[in-house]
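S.K.: Here is what each chain is made of, one letter per residue.
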Amino acid sequence: MSGLDLFVLAMFALGIAGAFFTAFHPNILYASISLIATLGAVAGLYAGLGADFLAATQLIIYVGGILIVILFAVMMSENIYKKRFAAEAKKYILPSIVSIGLLALLFKLLFSADWGELSEISQSQDGVTLQMGQALSRPYALPFQYVAIVLLFGLIGAVVIARPHIGKKRK
Amino acid sequence: MTLTNAINEFFQLITKFQVPFFLVSISSAAIIILFFAMPVSGFATYLERKISADFHERIGPNRVGPWGLLQLIVDGIKMFLKEDTVTKNADRVVYNLAPSLVTLGSLGAFAVIPFSAYIIGANLNIGIFWAMALGSVVSLGVLLGAWSSDNKWSLLGGMRGAAQIISYEIPLGLSVLSVVVVSGTLNMHELVATQAWPTLGGKGHFWNIFHNPFLFINFFVYFIAALAECNRTPFDLPEAESELVSGFNTEFSGMRFGLYALAEFADVILFACISSSIFLGGWQLPFVDLSLLHFGMSLGGKSLDPVFQTALMMGVFLAKASVIVFVVMWLRWTLPRLRVDQLMNMCWKYLIPISFVCVVGAAIWVWFFEAILGWPSSSMVHIVGRMLGVYSS
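Just so you know, the sequences run in chain order A and B.
Quick note: to get the numbering used here, add 235 to the position in the first sequence (first position is 1).
Quick note: to get the numbering used here, add 541 to the position in the second sequence (first position is 1).
Just so you know, the hints here were simulated from the structure itself, not pulled from any lab data.
Remember, it's a predicted structure, so these values are computed and weren't measured experimentally.
Wrong hints could be hidden among the right ones.
To be verified - These stretches of chain A come out as covered by chain B in the derived footprint (C-beta under 8 Å, 3 or more residues):
no. : segment
1   : 264-272
2   : 337-350
Unchecked claim - Residues from chain B that keep clear of chain A, each with C-beta distances beyond 10 Å, as calculated:
no. : residue
3   : Gly-617
4   : Ser-680
5   : Trp-688
6   : Trp-871
A virtual CB, placed ideally from N, CA and C, is assigned to each residue, including glycine.
Given these sequences and hints, build the entire structure.
M.R.: Rendered as structure tokens:
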């Protein structure tokens, strides 16, 4: 077992521990803070498995962006230290069904994917950034643009929701 | 070197019962932080006070040592010895975590700064992207620290800080992207190496800021966005003294506050280093390629060229970085602070559209000259040289 394998295993452990705290910690603030560990560990996994561009992207988007939005929402909500909040949050049945379904879907993907190609890529000295850029601008250009348009719709929708006076006369 | 290779190297010896490489790395990182980042940031605080004094027509620190030069040591001792107060209802865990997150974000990015062609902490192939990724961890530390100290001023400051940093990351990223479009690499060493003076037959294209008009505009976009990222005046809303006492770090004292202050100055220095290496050519000088210089001296059969080159390169690089640090301080004592809405307007209505236009413009520029006309380089220096008949091929 090499040092890199140990690192990847440690990242697995950290990610699972963080996810466990996120799911079961009674205080919602700590639950969302332990997402730092989970998301950071996923970035570490990417880094350990040869996807360094993805690792940095994970840090920028999830740790620096989405986590902050989650924290904004949590910090602005009332009474996050009180028991009531924790008791109300204990709705396990529906979330369990959804997450087990998601897990099944991921397992299906896991076993249907062709992992043979990846072992060569992760050994390369230059990393996968160049290949990724070329793939996104040539064979996968259309899906990439499609995702971009979906994100643009999301942005516009956010603006529309955030400005209730749109369409009305301004004071 | 990819991040994976770096991690592999880092943990290589852990399973072989030797001194693990990562212990060596961590201790050398600690040494670098203690002997480079901390003194330089401390010296920056001294410089800041001296410069502000000049702008106010005062003398500034002048009691400790010659010209008050030892002030930074005294400040440091004061930080260490100060009582470490914590507000009564502070959330202890988060309160302790936050300053270290901020410090991690701003000091970790120094790993990819190319001080010379031979001195770089980790020559990662995603260098500039790594620096930006760690920069986004800083906003997390600011927000958590602000919230945990149970103070309305802090919370307001932290909210402003997080919103500001997230917003300004977009023009920052776009202006870095335009540099990447021109240079075709994310590696910091290669980014600097491609900015060599275009000697005959050489591949350099001179400083990126003079590569094309779009990059010239983008340098200023980058400068403004980076000022906002470092929470410096005119964008120091998260710690606006006249409104929020001291903003997100109001309740922090002693070394915890010290870490925040250190991280702020380290951020300024980091930003100066990055902008001088991706826009102002790093250790490159006009008219001469320092990495090709020969001094003809040797020691024990080995050429001493790399030593002299390193000294020259570091001098050039640090001179550029210090000019930028000076400009940042100059702005602080010259410009008034923006309001929150002005800050957001500035970002979303001006900087982001401008940087979008510049990214597309830079891409078209490179495509036109290199793909349509088939020239080996599309930089302004090259084009002017072609007009004057220097480059005929």
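S.K.: Evaluate the condition: distance from the CB of Gly-617/B to the nearest CB of chain A exceeds 10 Å.
M.R.: holds (30 Å)
S.K.: Does Trp-688/B really sit off the interface, with its C-beta more than 10 Å from all C-beta atoms of chain A?
M.R.: violated (5 Å)
S.K.: Verify that the Cβ of Trp-871/B lies farther than 10 Å from every Cβ atom of chain A, and report whether the claim holds or is violated.
M.R.: At about 29 Å from chain A, Trp-871/B clears the 10 Å cut-off, so the statement holds.
S.K.: Is Ser-680/B truly not at the interface, in the sense that its beta carbon sits beyond 10 Å from all beta carbons of chain A?
M.R.: Contrary to the label, Ser-680/B does not stay out of reach of chain A, its closest Cβ about 6 Å off (not over 10 Å).
S.K.: Count the residues of the segment 264-272 of chain A with a beta-carbon closer than 8 Å to any beta-carbon of chain B: does the count reach three?
M.R.: n = 4 at 8 Å, threshold three: holds.
S.K.: Please check whether the segment 337-350 of chain A has three or more residues whose CB lies within less than 8 Å of a CB on chain B.
M.R.: violated (count 0)
Violation of the numbered hints given earlier is confined to hints 2, 4, 5; the remaining hints are satisfied by the structure.
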